[in-house]
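Work out the full structure, taking the sequences as your base and the hints as a guide.
The chain contents come next:
There are 2 protein chains.
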Amino acid sequence: MAKKLTSRSEDYSKWYNELVVTAGLAENSGVRGSMVIKPYGYAIWEKMQAELDRKFKATGHENAYFPLFIPKSYFSKEASHVDGFAKECAVVTHYRLKNAEDGSGVVVDETAKLEEELIVRPTSETIIWDTYRKWIQSYRDLPILVNQWANVVRWEMRTRLFLRTAEFLWQEGHTAHATKQEAIAEAEQMLDVYADFAQDFMAMPVVKGVKSENERFAGALETYCIESLMQDGKALQAGTSHFLGQNFAKAFDVKFASKEGKEEYVWATSWGVSTRLMGALVMVHSDDNGLVLPPKLAPYQVVIVPIYKGDEQLNQISEKVKEIKQQLEDAGVTVKYDNRDTYKPGWKFNEYELKGVPLRIGIGPRDLANGTLELARRDTLTKEIVQMDGVVEVIKERLEQIQQNLFAKADTFRTENTREANSWEEFEDLIKNTGGFVLAHWDGTPETEDKIKDLTKATIRCIPLDAISEEGTCILTGKPSQRRVLFAKAY
Amino acid sequence: MAKKLTSRSEDYSKWYNELVVTAGLAENSGVRGSMVIKPYGYAIWEKMQAELDRKFKATGHENAYFPLFIPKSYFSKEASHVDGFAKECAVVTHYRLKNAEDGSGVVVDETAKLEEELIVRPTSETIIWDTYRKWIQSYRDLPILVNQWANVVRWEMRTRLFLRTAEFLWQEGHTAHATKQEAIAEAEQMLDVYADFAQDFMAMPVVKGVKSENERFAGALETYCIESLMQDGKALQAGTSHFLGQNFAKAFDVKFASKEGKEEYVWATSWGVSTRLMGALVMVHSDDNGLVLPPKLAPYQVVIVPIYKGDEQLNQISEKVKEIKQQLEDAGVTVKYDNRDTYKPGWKFNEYELKGVPLRIGIGPRDLANGTLELARRDTLTKEIVQMDGVVEVIKERLEQIQQNLFAKADTFRTENTREANSWEEFEDLIKNTGGFVLAHWDGTPETEDKIKDLTKATIRCIPLDAISEEGTCILTGKPSQRRVLFAKAY
Chain A
1 MAKKLTSRSE DYSKWYNELV VTAGLAENSG VRGSMVIKPY GYAIWEKMQA ELDRKFKATG
61 HENAYFPLFI PKSYFSKEAS HVDGFAKECA VVTHYRLKNA EDGSGVVVDE TAKLEEELIV
121 RPTSETIIWD TYRKWIQSYR DLPILVNQWA NVVRWEMRTR LFLRTAEFLW QEGHTAHATK
181 QEAIAEAEQM LDVYADFAQD FMAMPVVKGV KSENERFAGA LETYCIESLM QDGKALQAGT
241 SHFLGQNFAK AFDVKFASKE GKEEYVWATS WGVSTRLMGA LVMVHSDDNG LVLPPKLAPY
301 QVVIVPIYKG DEQLNQISEK VKEIKQQLED AGVTVKYDNR DTYKPGWKFN EYELKGVPLR
361 IGIGPRDLAN GTLELARRDT LTKEIVQMDG VVEVIKERLE QIQQNLFAKA DTFRTENTRE
421 ANSWEEFEDL IKNTGGFVLA HWDGTPETED KIKDLTKATI RCIPLDAISE EGTCILTGKP
481 SQRRVLFAKA Y
Chain B
1 MAKKLTSRSE DYSKWYNELV VTAGLAENSG VRGSMVIKPY GYAIWEKMQA ELDRKFKATG
61 HENAYFPLFI PKSYFSKEAS HVDGFAKECA VVTHYRLKNA EDGSGVVVDE TAKLEEELIV
121 RPTSETIIWD TYRKWIQSYR DLPILVNQWA NVVRWEMRTR LFLRTAEFLW QEGHTAHATK
181 QEAIAEAEQM LDVYADFAQD FMAMPVVKGV KSENERFAGA LETYCIESLM QDGKALQAGT
241 SHFLGQNFAK AFDVKFASKE GKEEYVWATS WGVSTRLMGA LVMVHSDDNG LVLPPKLAPY
301 QVVIVPIYKG DEQLNQISEK VKEIKQQLED AGVTVKYDNR DTYKPGWKFN EYELKGVPLR
361 IGIGPRDLAN GTLELARRDT LTKEIVQMDG VVEVIKERLE QIQQNLFAKA DTFRTENTRE
421 ANSWEEFEDL IKNTGGFVLA HWDGTPETED KIKDLTKATI RCIPLDAISE EGTCILTGKP
481 SQRRVLFAKA Y
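Top line first, the protein sequences correspond to chains A and B.
One point on numbering: in my numbering, the residue at position 160 of the first sequence is 160, and numbering is uninterrupted.
One point on numbering: in my numbering, the residue at position 473 of the second sequence is 473, and numbering is uninterrupted.
By construction, these hints were calculated from the structure, which means they are not laboratory data.
Model, not experiment: these values are computed from the prediction.
A couple of the hints might just be wrong.
Heads up, the list lumps identical chains together, so a pair's fine if it works in one copy or across two of them.
Capping the alpha-carbon separation at 30 Å, the derived lysine-lysine pairs in DSBU-like fashion look like this [as the list claims (entries may be wrong)]:
hint : residue 1 : residue 2
1    : LYS296    : LYS453
2    : LYS98     : LYS77
3    : LYS489    : LYS234
4    : LYS55     : LYS451
5    : LYS113    : LYS87
6    : LYS57     : LYS98
7    : LYS296    : LYS383
8    : LYS336    : LYS47
9    : LYS383    : LYS432
10   : LYS77     : LYS113
11   : LYS479    : LYS234
12   : LYS98     : LYS250
13   : LYS134    : LYS14
14   : LYS320    : LYS262
15   : LYS4      : LYS255
16   : LYS489    : LYS325
17   : LYS489    : LYS396
18   : LYS309    : LYS322
19   : LYS259    : LYS344
20   : LYS55     : LYS320
21   : LYS457    : LYS344
22   : LYS134    : LYS234
Okay, here's the thing in structure tokens:
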């Protein structure tokens with residue numbers, strides 16, 4: 001760790017970028033808008049994947065893989081879908097390079113032009129529903145509960161590591177059902193899966209809701225979402241689950257014979273979360289000293305740093321550490337022992353603070369003599385001396401406490417930063433000067449939502465699923481409203 | 001299962017394609033040369049991934065992720081590399097679509113042309129070494145042991161499911177080292193990892209060797225490979241590991257300060273296996289009835305089919321099955337219970353034979369009365385009656401036997417189909433009429449290898465690592481040779 005991070009209060013955005021790079025999560029590449037996910041960042045993503053994949057399988061889903069490329073004509077089949085994605089598509093037009101005649105290097109071989117251009121998938125509804133047509137004839141073939149882990153490309157003009165990149169990694173579930181009710185139940189189930197994951201694993205509280213028409217996925221009848229609040233008072237959409245109705249079945253002519261022998265269009269859902277979650281994870285918990293990781297997603301939960309002079313002390317310490325490490329690993333705790341002699345303990349302490357390792361054990365000759373260890377918590381930055389005997393139980397307890405504390409802290413922050421606005425002045429003031437979630441009445445029209453966005457940059461993050469029925473008047477137009485919706489500026 | 005498969009003897013290639021599709025492994029998509037990997041096929045690939053990933057991590061590697069797109073200029077930096085891949089590159093030239101003025105749909109927006117074209121990665125050496133330049137300054141930063149799971153695109157003109165597709169899934173390891181010896185040791189270690197995986201998990205014997213200059217990876221100084229033999233007598237390259245020397249370090253200017261303070265270029269390896277392994281798995285073991293899967297890679301190792309009349313019998317059977325299933329799962333055996341009432345037992349028997357499930361349990365009312373089960377082995381197509389008591393131990397033993405039997409069978413086939421040729425006539429006859437591996441002397445020149453390929457379609461699969469020093473004369477030119485190399489026609 002060469003120098004101190006920019007503090008959050010000084011420049012939140014700069015703090016974020018510096019942190020993502022210096023903690024070894026990701027960095028920009030030589031390819032515009034595409035990032036390199038570095039090993040430490042990828043290890044966190046793998047932990048996210050493993051738990052999400054387990055949850056998908058536990059709810060009956062299987063994985064499959066569909067092509068990266070989508071023929072342009074497929075893309076056009078669902079009208080609102082193509083409108084939503086056409087402006088950010090990477091397009092493959094040729095399939096060969098050749099040596100330039102002037103010897104200047106390789107150039108595109110113009111004779112190898114594709115008859116039909118291929119779009120690099122920004123999402124896979126079209127190619128998947130073209131496939132499902134072949135898989136579905138009868139009600140016996142339903143439901144289809146398939147998920148795919150993949151890379152997708154959306155050509156964003158302004159990119160930020162994890163939050164908005166041209167290429168990103170994600171999973172996309174695509175399910176097919178015999179009835180509308182079943183499809184809606186699926187979309188709602190997957191929203192719950194995402195919310196549980198966010199809260200239990202990422203220690204990140206979320207608001208579950210549905211999107212307004214303006215913010216709905218291109219091609220969906222209803223978009224469910226989880227919204228979270230970052231430390232700078234901006235919202236982040238962490239996952240979405242779409243009820244697609246029969247739109248894609250109609251566009252790709254996917255029908256099934258029902259039990260009663262009638263031919264009907266299939267009902268669809270799709271749902272996804274992406275490497276964007278990595279950005280949320282960083283922004284929800286981390287501090288001016290670096291990352292703060294919830295134990296359930298930390299690549300290693302405990303790091304052990306030896307404090308020694310000379311090889312003899314190091315050997316004695318290492319012997320004891322080997323024993324403790326084994327005990328911890330047997331108890332399911334992941335541990336790294338950093339015995340590199342190329343770096344000093346102080347440097348290592350800073351490094352693992354920056355990397356957000358939940359617990360750090362310091363162990364020196366005095367500890368060996370006393371049968372003690374120094375245990376430091378990353379979340380509270382507190383230290384305690386613990387007995388070696390029974391250290392496994394203490395550590396398991398601390399990890400549990402850290403996981404809970406991170407959630408509680410974020411939940412308190414979210415609660416304290418969710419406010420009601422009852423007039424336009426109040427709303428404008430909150431959005432402009434205070435930030436956070438603002439609950440306000442809205443007349444339900446896309447026009448009003450657009451106008452509010454133009455005036456304040458705030459958007460409707462969602463209509464919370466638990467919104468209470470309440471008579472009120474729209475903060476902008478004064479028209480009647482039946483419930484408050486959640487506004488915020490968003491990532 | 002609608003109709004019988006074409007037999008292997010009738011048309012091996014047709015048998016393969018039919019089997020891959022009807023067993024639910026993969027199918028062609030609407031995108032030229034790109035396949036859809038279906039859930040059952042993907043489940044096998046996930047098992048392969050899990051074991052390979054475990055082996056990579058056990059040998060000290062970490063995963064990371066690098067961009068899908070590679071700027072054309074990066075591509076040109078290593079001369080032989082660009083020569084090897086330029087003719088099969090998918091090229092992104094534009095980043096936006098727009099509505100056609102004549103209302104005919106969407107077209108490429110010509111105003112959104114990229115300044116520099118982007119290549120969809122056919123392999124990632126160039127983008128990765130451009131990144132490593134930023135990661136490596138000193139010997140302290142070495143070695144870098146990174147692997148990536150990714151999709152890649154090579155524009156093949158003739159494609160076949162799994163064996164040769166425009167897009168495929170793979171892993172690519174890319175490591176950086178301070179010394180030549182260390183890099184060579186790494187390349188050799190990963191070859192062993194691949195060979196162990198092929199033999200222990202896929203039950204597929206392989207020959208370890210190095211490629212001749214002609215068949216070397218574009219940019220490598222040495223390509224190590226594992227070669228396997230399919231049932232039709234053709235060879236299949238199942239994995240490669242490359243010693244890249246300092247070629248990419250020089251092309252991308254990646255130097256490090258050694259312990260002695262000298263500036264030196266970094267040494268490199270790369271190594272990969274792909275979804276091609278799925279094709280090998282099918283072709284090595286399967287028969288005219290369908291897939292035959294080694295237990296270690298089967299999505300479920302045991303399928304239980306109830307044989308019943310009426311709900312009461314089914315309920316009684318299901319209760320017993322629940323118990324047995326739990327016992328098996330506790331013992332680490334994966335089990336599927338197919339109690340669907342939409343299909344008859346006979347249909348299910350055929351279906352699971354086609355899908356290659358290693359063991360099938362049939363259970364009916366008489367079994368309940370007698371405390372027995374019918375156990376059918378997929379590899380030998382034999383049945384036995386076993387006692388319910390102690391069935392877990394019997395099943396574990398059978399699974400182990402199947403795994404071993406499949407390897408032994410394939411190994412015998414490979415041994416019986418590896419022959420020596422000592423004259424051109426003998427060589428030509430073996431290649432043309434018999435097939436299999438042919439061990440023969442070769443004068444060591446690319447020209448002779450090319451000529452042999454032109455005359456017979458056979459290529460040098462590898463120079464086996466265990467080749468015995470033996471004086472001989474080249475089968476084509478009569479020039480002196482010190483050892484036999486392995487020839488075959490190949491996929």
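Original post:
Between copies, within a copy, both or neither: which fits LYS336 and LYS47 at Cα up to 30 Å?
Top reply: both (16 Å within a copy, 27 Å between copies)
Original post:
With identical chains treated as interchangeable, where does the CA-CA distance between LYS98 and LYS77 reach 30 Å or less: within a copy, between copies, both, or neither?
Top reply: between (35 Å within a copy, 14 Å between copies)
**OP:** With 30 Å as the alpha-carbon cut-off, assign the pair LYS4 and LYS255 to within, between, both or neither.
**Re:** Result: close only across copies, 28 Å inter versus 60 Å intra.
Original post:
For the identical chains here, do LYS479 and LYS234 meet the 30 Å Cα criterion within one copy, between copies, both, or neither?
Top reply: within (27 Å within a copy, 76 Å between copies)
Original post:
How would you label the pair LYS55, LYS451 (within, between, both, or neither) given a Cα cut-off of 30 Å?
Top reply: neither (40 Å within a copy, 56 Å between copies)
**OP:** Have a look at LYS457 and LYS344 and pick one of within, between, both or neither, based on CA distance no larger than 30 Å.
**Re:** Classified as neither; 48 Å inside a copy, 61 Å across copies.
**OP:** Since the copies are identical, ignore which copy is meant and state whether LYS98 and LYS250 lie within 30 Å (CA to CA) inside a copy, between copies, both or neither.
**Re:** between (42 Å within a copy, 23 Å between copies)
Original post:
Is it within, between, both, or neither for LYS489 and LYS396, if the alpha carbons may be no more than 30 Å apart?
Top reply: neither (38 Å within a copy, 58 Å between copies)
**OP:** Could you place LYS309 and LYS322 in one of the four classes (within, between, both, neither) given a Cα distance threshold of 30 Å?
**Re:** within (19 Å within a copy, 60 Å between copies)
**OP:** Have a look at LYS134 and LYS234 and pick one of within, between, both or neither, based on CA distance no larger than 30 Å.
**Re:** Cα proximity of LYS134 and LYS234: none, with 44 Å in one copy and 33 Å across.
Subject >> LYS259 and LYS344: within-copy, between-copy, both or neither at 30 Å Cα >> reply: between (71 Å within a copy, 18 Å between copies)
Original post:
How would you classify LYS489 and LYS234 at a CA-CA limit of 30 Å: within, between, both, or neither?
Top reply: within (5 Å within a copy, 62 Å between copies)
Checked against the numbered hints given earlier, the structure breaks hints 1, 4, 6, 9, 14, 16, 17, 21 and 22 and satisfies all the rest.
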